[in-house]
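Undergrad: Fit chain E to the given chain D structure using the hints.
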Amino acid sequence: MNDLTDASIQALQLLLSGDAEVWNIISVSFTVSLKAILIATVPAIAMAFVLAYYAFPGRRFVITLFNTALAIPAVVVGLTLYLLLSRSGPFGDLHLLFTQEAMIIGQIILAFPLLVAMSHASLQSSDQRAWETAITLGASAFVAAVTVIREVRFGLMAAIIAAFGRIIAEVGSSMMVGGNILNYTRNIPTAIALETSKGSFVEGIALGMVLLTLALLLNFFLTAIQGKAEVIHQ
Amino acid sequence: MTSLIKKASLSLNRVCFKRGIRTILDNVDFSVSQGELVLMTGQNGSGKSTLLKITAGLLKPQQAQVRFVPHDGQQGSYPWPRLKKLLRRKVCYLHQHPYLFHGSVYDNVAYGLKRQKMSKQEIEQRVVQALQEYSLESLIHRDCHELSGGEKQRVAIVRSWITRPEIILLDEPFSNMDKESRKKSYALIKQMCQQDIAIVLTSHDPLIGELSFDQHIHLYQGKMTHKSV
Chain D
11 MNDLTDASIQ
21 ALQLLLSGDA
31 EVWNIISVSF
41 TVSLKAILIA
51 TVPAIAMAFV
61 LAYYAFPGRR
71 FVITLFNTAL
81 AIPAVVVGLT
91 LYLLLSRSGP
101 FGDLHLLFTQ
111 EAMIIGQIIL
121 AFPLLVAMSH
131 ASLQSSDQRA
141 WETAITLGAS
151 AFVAAVTVIR
161 EVRFGLMAAI
171 IAAFGRIIAE
181 VGSSMMVGGN
191 ILNYTRNIPT
201 AIALETSKGS
211 FVEGIALGMV
221 LLTLALLLNF
231 FLTAIQGKAE
241 VIHQ
Chain E
2 MTSLIKKASL
12 SLNRVCFKRG
22 IRTILDNVDF
32 SVSQGELVLM
42 TGQNGSGKST
52 LLKITAGLLK
62 PQQAQVRFVP
72 HDGQQGSYPW
82 PRLKKLLRRK
92 VCYLHQHPYL
102 FHGSVYDNVA
112 YGLKRQKMSK
122 QEIEQRVVQA
132 LQEYSLESLI
142 HRDCHELSGG
152 EKQRVAIVRS
162 WITRPEIILL
172 DEPFSNMDKE
182 SRKKSYALIK
192 QMCQQDIAIV
202 LTSHDPLIGE
212 LSFDQHIHLY
222 QGKMTHKSV
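Line by line, the protein sequences are chains D and E. If you use the numbering used here, the first sequence corresponds to residues 11 to 244, in order. If you use the numbering used here, the second sequence corresponds to residues 2 to 230, in order.
Chain E on its own, in the form it takes in the complex:
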């Protein structure tokens, strides 16, 4: 039954990215479909974050064939300016150390919804509901700069999720978390995948085996050395 439903997908082929004379990514192929959970591994400096930022439309690659099939749009390859806009609308990227804006947890989680021109009441309702769903409701009025590393990370994940992107890119999402926070985040990620959101995450976490991945990509010095499905 699900195979009859058109799934959103994104594929990047032959991605090359250079900074000065240094090659960060060299002919990397990468694709992800709706609801998939993808693990990206590699040493520091292997190009993981760069690939995620290109996928989010935040960095322009020197070379890449990008094909994006949004859930509600026409499939195709677009010129970079149009593709960049599309990616920024549909893909959400979360930094290794997520940035939380000055203000409360509510202000942060509501940020993306305000951009979607929702009514104040609807925003409030969705923020409260989202925070309740992920057991963060007690933090709603807390100043973000008072939160622990793990709390910040979870608030940032909920802030991304609430905007209903088709793909969420998580750069080392568990780096600031203790065991308990990790478990909560694993549950959160599983739930997002069940909601047909594709998740791509990079991690060094040995406990990550608790999550079952649809794909595993390994990068080494800007090249894809291993890909398993």
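If we strip away everything but chain D, and leave its shape as in the complex, we get:
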């Protein structure tokens, strides 16, 4: 217990000292995950909207596929991407393996099903009258869709936050396609895994503190916006 306390104090000191290596790892983590969530969000919400508002053959099958994809382990995504991006793989010529771009692709694949599933649930529970009202007031199908999305924005924000939380903490995919290269592809989860395997707990705990603080902040934000939504619906 004392070891853990000592290590935690040292970890805090390491963070506050502005250690370049630690803060670089944090920066890589946020850069990669923010880019991934920014790229994934718009197409995922568009897909969720199509699934919630349009009937087409195979719709239920597609919904089932996305729900199933929620359970895919990050390491399996990493392995598949590794095989696709490795020199002998079909996309080997792109030379993406062990780059931040490969990590971003992996995180997009992980975030996309979660974004679609949660956004779909939100949009499906939205009021059909919102769509009809927008249309009957002269909105095009696109503008009506944007209006409906705006009406359920709190649910969609929760989906984005949940997806961001998932990808910033995943280790499997980033480790396999990023390669854990210092100052380039080493992010918080891969660094924690490495430092722990070396027995260097201080740095691992310091980075873990950052992840925990982030989780806490995201949850405060989520609770705040959900609280606001409750008030609006009274």
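Calculated cross-link-like contacts (lysine to aspartate or glutamate; reagent style DMTMM-like; alpha-carbon spacing at most 20 Å):
1. E:86 / D:142
2. E:85 / D:142
3. E:115 / D:142
4. E:54 / D:137
Per label pair, the in silico range of CB-to-CB distance:
5. D:172 / E:228: 53 to 59 Å
6. E:211 / D:135: 35 to 41 Å
7. E:217 / D:229: 54 to 60 Å
Since the hints were derived computationally from the structure, they do not count as laboratory data. The C-beta atom is built at its ideal place from N, Cα and C for all residues, glycine as well.
TA: Chain E only, in chain D's frame:
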């Protein structure tokens, strides 16, 4: 003199609509002309709302002969995709419990005008004028979710009217209103008819006799059982 002016009209003939094996509308004929006030009655589930939604282009009937003569367009029967677009532009439908978007009364009333690509100043001017005209100006900055049922209904009617549709379809517009709000709404509807907007409304309200209707249509189990002019 008025007979020389071409009036907008819409007629739907032999409308059939099914949901699964259940027939909602069975060979219903219905027509309305510019400035007319039409009352549609019938029990719950008789198909009134479905007929209104078809008229607004929100539902596609399995069968119907629709003829629409817009005020400014060529008369004729159009294929459904084109007709749907035309109806959505010219006809405004209001739900029994109208949906107000998140935001203020101003945001809601301005919604349709923003779609018409007006300048911000023009939108503001028309919204303020419309709300003043219907004694709702005190609500302009209120959040819509703070309004009473009657206020919501009246804001929704003004929101439809301000877009200058040729036909407004009101589904049970007085269901959430007290006597005072109803009277205000009757005045509002009369005023709209005077502005040559056709109004079709469904109602169970016994006081509705205060309005003089040009047509009365009664639906029973998806069939038109009574039509008087």
